[in-house]
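Please model the entire structure based on the sequences and the hints provided.
Protein sequences, first through last, are from chains A and B.
With the numbering used here applied, the first sequence covers 5 to 456.
With the numbering used here applied, the second sequence covers 197 to 514.
Since the hints were derived computationally from the structure, they do not count as laboratory data.
Quick caveat, the model's predicted, so the values are computed rather than measured.
You can take every hint at face value.
Lysine to aspartate or glutamate pairs mimicking EDC-like chemistry, simulated, CA-CA at most 20 angstroms apart: (1) A:LYS264 <-> B:ASP373; (2) A:LYS450 <-> B:ASP263; (3) A:LYS339 <-> B:ASP263; (4) A:LYS450 <-> B:ASP261; (5) A:LYS90 <-> B:ASP263.
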Amino acid sequence: MRRSLRLAAAATALGLTITACGSPAPEVSADGGGLGTAENPVSIRVIANDAFAKQWQDQLVPEFNKKYPNIKVSVDGVPYNDQLPKTMLELTGPTATYDVVLGDDSWIPQLAKTGGLMDLKADVTKWTDPGYDWADFNPSPLAAGEWEGKQYAVPVRSNLLLMLYNKTLYKKAGVKEPTAETTWEQYFKDAEKLVQDTDGDGKTDAWAIGTYFTKDPLTPTIWQTVLNSNGVALLDDNLKVAFDNETGVKALQTHVDLLKYAPPGASTYQFNEPLEAFRQGRTATMFMWGSVYKGSAVDKASTTLTPEEVGVTTLPAGSAGPGAHRGIWSAGVAKKSQHPAAAWTWLQWVTSKEGEKFTGSAFGTFPARNSSLDGTPPAEWAVPVYKALKDGYTVVDKNKMWRPRLPESDAVQQILALQTSRAMSGQATAEQAIDQAAKDVTELLKSKGYQQ
Amino acid sequence: MSVSTPARRTGAAKAPVRGSGNTPGRRFRLGEPGTAWLFMTPALVLLAGMLLYPIFYTLWVSFSDFDLALFQPTGWVGWKNYEAVLKDPGFLESLKVTGIYLVIALPLQMILGFAIAFLLNVEWRGRGVLRALFLIPMVVAPVVAGGIWRMLLDPLWGVVNYTLGLVGVGPVEWIGDPTLAMASVILIDTWRWTPFVVLIAAAGIMALPGDVYEAAKSDGATRRQTMWHVTLPLLVPVMAAAFVVRWLGAVKMFDIALAATKGGPGNSTNVVNLYIYEKGFRGLEFGSASSMATLVLIITMILTYFLFRISRRLENRW
Numbered sequence: 005m006r007r008s009l010r011l012a013a014a015a016t017a018l019g020l021t022i023t024a025c026g027s028p029a030p031e032v033s034a035d036g037g038g039l040g041t042a043e044n045p046v047s048i049r050v051i052a053n054d055a056f057a058k059q060w061q062d063q064l065v066p067e068f069n070k071k072y073p074n075i076k077v078s079v080d081g082v083p084y085n086d087q088l089p090k091t092m093l094e095l096t097g098p099t100a101t102y103d104v105v106l107g108d109d110s111w112i113p114q115l116a117k118t119g120g121l122m123d124l125k126a127d128v129t130k131w132t133d134p135g136y137d138w139a140d141f142n143p144s145p146l147a148a149g150e151w152e153g154k155q156y157a158v159p160v161r162s163n164l165l166l167m168l169y170n171k172t173l174y175k176k177a178g179v180k181e182p183t184a185e186t187t188w189e190q191y192f193k194d195a196e197k198l199v200q201d202t203d204g205d206g207k208t209d210a211w212a213i214g215t216y217f218t219k220d221p222l223t224p225t226i227w228q229t230v231l232n233s234n235g236v237a238l239l240d241d242n243l244k245v246a247f248d249n250e251t252g253v254k255a256l257q258t259h260v261d262l263l264k265y266a267p268p269g270a271s272t273y274q275f276n277e278p279l280e281a282f283r284q285g286r287t288a289t290m291f292m293w294g295s296v297y298k299g300s301a302v303d304k305a306s307t308t309l310t311p312e313e314v315g316v317t318t319l320p321a322g323s324a325g326p327g328a329h330r331g332i333w334s335a336g337v338a339k340k341s342q343h344p345a346a347a348w349t350w351l352q353w354v355t356s357k358e359g360e361k362f363t364g365s366a367f368g369t370f371p372a373r374n375s376s377l378d379g380t381p382p383a384e385w386a387v388p389v390y391k392a393l394k395d396g397y398t399v400v401d402k403n404k405m406w407r408p409r410l411p412e413s414d415a416v417q418q419i420l421a422l423q424t425s426r427a428m429s430g431q432a433t434a435e436q437a438i439d440q441a442a443k444d445v446t447e448l449l450k451s452k453g454y455q456q
Numbered sequence: 197m198s199v200s201t202p203a204r205r206t207g208a209a210k211a212p213v214r215g216s217g218n219t220p221g222r223r224f225r226l227g228e229p230g231t232a233w234l235f236m237t238p239a240l241v242l243l244a245g246m247l248l249y250p251i252f253y254t255l256w257v258s259f260s261d262f263d264l265a266l267f268q269p270t271g272w273v274g275w276k277n278y279e280a281v282l283k284d285p286g287f288l289e290s291l292k293v294t295g296i297y298l299v300i301a302l303p304l305q306m307i308l309g310f311a312i313a314f315l316l317n318v319e320w321r322g323r324g325v326l327r328a329l330f331l332i333p334m335v336v337a338p339v340v341a342g343g344i345w346r347m348l349l350d351p352l353w354g355v356v357n358y359t360l361g362l363v364g365v366g367p368v369e370w371i372g373d374p375t376l377a378m379a380s381v382i383l384i385d386t387w388r389w390t391p392f393v394v395l396i397a398a399a400g401i402m403a404l405p406g407d408v409y410e411a412a413k414s415d416g417a418t419r420r421q422t423m424w425h426v427t428l429p430l431l432v433p434v435m436a437a438a439f440v441v442r443w444l445g446a447v448k449m450f451d452i453a454l455a456a457t458k459g460g461p462g463n464s465t466n467v468v469n470l471y472i473y474e475k476g477f478r479g480l481e482f483g484s485a486s487s488m489a490t491l492v493l494i495i496t497m498i499l500t501y502f503l504f505r506i507s508r509r510l511e512n513r514w
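Here's what the structure looks like:
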């Protein structure tokens with residue numbers, strides 16, 4: 005009997021411990037946690053990408069606090085590849101650690117599907133500033149935060165895959181600078197000349213291209229752009245694979261062929277490596293997110309180049325027009341947040357005209373608002389960049405240049421990343437890789453209930 | 197509550213405890229087993245919470261559908277996840293990759309570790325410093341080790357290729373070539389874990405009984421004979437222990453592969469734990485990932501059982 009009592013007591017203690025771990029979040033007050041006072045400031049936490057989290061914490065938060073001194077904001081940076089799973093676990097957990105979550109372009113449907121994000125046009129309207137101008141957003145970046153008719157996130161860091169080029173290396177090679185009209189055929193012709201010996205020591209020291217080549221979910225965005233610029237989407241309107249054809253094989257082969265004109269070891273290039281090579285003047289072109297322009301051409305601490313040396317335009321054109329790829333970082337408010345009013349206030353400020361002006365000038369972040377895009381750029385260097393950006397927005401809208409807008413988007417990108425890597429390393433031909441990717445994506449979508 | 201030996205307990209039954217005011221029969225005593233259980237309870241609760249609960253939870257998830265919205269397993273699906281996993285070519289390939297890695301890395305680390313330990317056992321100036329330096333790789337975080345080696349092996353900027361270039365070799369695509377990528381992962385893992393084997397081996401060598409060597413010497417044994425017939429047989433238990441510990445560590449390796457190659461190119465360095473990690477925490481397919489983890493646990497337990505048996509047999513043989 006005594007033994008049973010002991011066992012029961014131990015089981016109860018364990019049960020209570022486990023139950024305590026999973027207790028639900030407390031109810032949010034009617035004022036959404038308020039905006040704080042000098043005596044009782046409100047604290048909110050933001051989960052962001054580590055590429056810009058520190059900038060935000062060090063510069064953006066103090067700027068925000070000039071207007072809202074009683075909202076304390078902590079920005080936590082997470083590496084890109086860990087951010088989606090961490091955010092998913094955060095949104096599905098019993099309590100909210102983070103009040104504001106950031107997601108890359110293709111993640112929003114997956115994050116929204118958890119039910120852990122607020123609809124910013126319905127759930128937080130009582131805390132929306134009357135002056136917050138929804139209509140001023142360019143439709144392209146705003147669409148990145150929308151899913152199934154609801155606005156779950158707003159664009160905090162707009163971006164496009166663009167081509168940055170080193171004018172000095174083009175001049176040395178005797179090649180005409182690229183424009184929005186440059187075709188892939190022309191680009192490859194130029195690439196041969198752009199692999200060159202610039203100091204005359206008999207050794208090649210500059211190459212034509214640096215971009216994503218390694219096994220990474222962002223790597224397939226390069227050949228997806230080629231595919232889209234030839235008028236073909238990854239999935240058709242019925243969500244069936246549409247790239248398992250000659251255009252798809254040609255697009256992947258184009259990406260693989262770029263490797264011939266890239267520096268040694270480029271097959272391992274992810275985000276940082278092509279940036280370094282370009283900023284050191286080793287590559288003539290770089291297919292990269294446009295937001296790196298300031299760090300590659302302006303900031304002396306991070307680049308050897310100057311704004312006069314660095315040009316920017318869309319990726320080479322296919323049969324349907326120039327190439328670009330949408331990559332908007334959007335941010336939403338967690339439903340389990342205890343301070344949704346403060347969280348939404350922070351987001352409204354960051355995405356306001358004032359906030360965009362600050363991030364554009366301090367970090368070189370691209371704006372999402374038409375008034376910012378059409379207005380005076382924050383600096384001289386930004387004039388050609390904003391032009392390329394506007395052209396890019398038009399192009400991505402026209403040819404639907406984005407990753408699939410599905411909760412399974414990341415899983416699709418993982419499949420494409422694996423097959424792209426196999427093609428890059430010679431483990432499969434472009435045809436075999438496309439064929440396998442098509443089968444795997446179809447299988448994945450079928451297993452998730454999509455009619456295939 | 198009191199802790200008491202059986203003898204004291206007998207005494208206590210005869211006379212009331214001074215100043216307690218209670219009769220001996222009414223006093224609550226746990227006795228020795230009870231007291232032992234009482235002291236062990238915190239450890240048992242911790243063990244149950246930290247070890248058994250995750251194992252049983254993983255098992256539960258592996259037989260269920262995992263609802264991401266509720267973030268808990270819902271609905272019993274039987275063997276469905278296991279069937280899917282056994283048909284998954286990626287999982288089977290990752291098992292193969294893990295096998296290749298283990299077959300090459302473990303013997304390499306054991307041979308190098310014991311060879312270095314023998315060298316460090318010989319008296320020479322500066323061996324203490326070297327022994328201390330050997331500890332450095334062990335305290336470097338695996339992700340940092342992977343990242344640093346990635347830089348060292350970079351064909352354009354890396355010091356390894358620069359050095360090879362001085363003698364006309366390269367540039368070598370260490371991480372970009374599927375075969376060399378596996379070699380690189382093994383190299384990084386060996387750099388990191390050989391010192392651990394060195395430590396264990398050095399401790400074993402230092403603990404060898406001197407009188408056996410004196411006996412061997414007086415019997416006229418040569419150095420080679422002493423090595424083969426005295427040192428190595430005496431070290432078999434140490435070698436077996438080091439091997440089993442390294443095996444258990446190596447079988448769960450994924451961090452170095454994640455940092456250095458991300459399992460690529462293709463699947464060439466996609467070890468099984470990296471595959472499970474990606475499936476679970478990136479793909480959020482917790483049902484499949486739990487089934488894989490359970491299968492790997494079973495395979496590891498079976499292989500560990502045989503390793504223990506082999507090591508025991510080797511110990512008895514000598």
